[in-house]
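Going down the list, the protein sequences come from chains A and B.
For the record, in the first sequence the residue sitting at position 104 is 104 according to this note's numbering, with numbers rising by one throughout.
Take any residue in the second sequence, note its place counting from 1, add 1000, and you have its number in this note's numbering.
These aren't lab readings, by the way, just hints derived from the structure by calculation.
Just so you know, these numbers come straight off a predicted model, no measurement behind them.
Watch out, some of these pointers could steer you wrong.
[As the list claims (entries may be wrong)] Below, a list of computed lysine to any residue pairs in the SDA-like style, where the Cα atoms sit at most 20 angstroms apart: (1) K1099/B with S53/A; (2) K1099/B with G60/A; (3) K65/A with T17/A; (4) K1003/B with Q99/A; (5) K1111/B with A1066/B; (6) K1003/B with G1015/B; (7) K7/A with R1045/B; (8) K1099/B with Q37/A; (9) K7/A with Q37/A; (10) K7/A with S1041/B; (11) K1003/B with K7/A; (12) K1111/B with S1079/B.
[As the list claims (entries may be wrong)] Among the chain B residues that face chain A by a calculated CB cut under 10 angstroms, a handful are: (13) T1034; (14) F1046; (15) F1098.
Ideal Cβ positions, reconstructed from N, Cα and C, are used throughout, including at glycine.
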Amino acid sequence: SAVISQKPSRDICQRGTSLTIQCQVDSQVTMMFWYRQQPGQSLTLIATANQGSEATYESGFVIDKFPISRPNLTFSTLTVSNMSPEDSSIYLCSVVFGQHAFFGPGTRLTVL
Amino acid sequence: LAKTTQPISMDSYEGQEVNITCSHNNIATNDYITWYQQFPSQGPRFIIQGYKTKVTNEVASLFIPADRKSSTLSLPRVSLSDTAVYYCLVGALYTGGFKTIFGAGTRLFVKA
């Protein structure tokens, strides 16, 4: 299993600004995943972050909007750039052990 | 990618057994079936995972028929604290990532 922490737990931001979300895992993992959960909705995968390589983005998500860093095997950041109210969501990081995923507590972002 | 279909919501009373069925007609040979529980303002929490037949752990059972096109999560005796959203996921870990899709989830309301 894995224990995942995220910072910040929540934030309120002004449109046009950027926010960087941190994800820390208590075990070394090759792949980390970033999800978005819009209000009242299910989770949508944003990208897969492998240590030592560029992140792989899902359809509808681009690196300019959601740049990701993966400096080591226990840490990753997701930046939400040039924010608009439509970016108000919960952002979650995740890792996989075996065949199932573990999720962080999420970062609740509100954009005004 | 296998798409999952679940009932949008279910109601139950404390002490009852709850069965939530998920259909996944396009499940692939390598896919596992995993169920998660999510409370408001928290990340999804792993409940149970299976590949075929029946799996049981301390909190739930998972029934998977031979054709694997559906699965049923069984919660034996629910309590008020089981009120949450339950997600059925179908997917597999592979070299490049973890391919899975979150369905819409089932909102379970447990009443006293």
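Outcome of the hint check:
Annotation: proposed proximity of K1099/B to S53/A holds, straight-line Cα distance about 18 angstroms (limit 20 angstroms). At roughly 16 angstroms between alpha-carbon atoms, K1099/B and G60/A fall within 20 angstroms of each other, so this suggested pair holds. As the CA atoms of K65/A and T17/A are separated by approximately 11 angstroms, the hinted pair is consistent with the 20 angstroms bound. Proximity of K1003/B to Q99/A is assessed by CA-CA distance (about 18 angstroms); at most 20 angstroms being required, the pair is judged to hold.
Restraint check for K1111/B and A1066/B: the C-alpha separation of about 34 angstroms exceeds 20 angstroms, so the hint is violated. Taking the CA atoms of K1003/B and G1015/B, the gap is near 32 angstroms; set against the 20 angstroms cutoff, the hint is violated. At roughly 19 angstroms between alpha-carbon atoms, K7/A and R1045/B fall within 20 angstroms of each other, so this suggested pair holds. Proximity of K1099/B to Q37/A is assessed by CA-CA distance (about 17 angstroms); at most 20 angstroms being required, the pair is judged to hold.
Restraint check for K7/A and Q37/A: the C-alpha separation of about 16 angstroms stays at or below 20 angstroms, so the hint holds. Restraint check: the Cα-Cα separation between K7/A and S1041/B comes to about 14 angstroms, which is no more than 20 angstroms; the hinted pair holds. With a C-alpha separation of about 32 angstroms, the suggested pairing of K1003/B with K7/A is violated against the 20 angstroms cut-off. Of the supplied pair hints, the one linking K1111/B and S1079/B holds, its CA atoms being roughly 8 angstroms apart against a limit of 20 angstroms.
Hint status for T1034/B relative to chain A: holds, with the closest Cβ pair at about 5 angstroms, below 10 angstroms. The beta carbon of F1046/B is positioned within 10 angstroms of a beta carbon in chain A (closest approach about 6 angstroms), and the interface hint is therefore held. Of the supplied interface hints, the one on F1098/B holds, with its beta-carbon coming within about 5 angstroms of a beta-carbon of chain A, less than 10 angstroms.
When the structure is compared with the earlier hints, violations turn up for hints 5, 6 and 11 and for no others.
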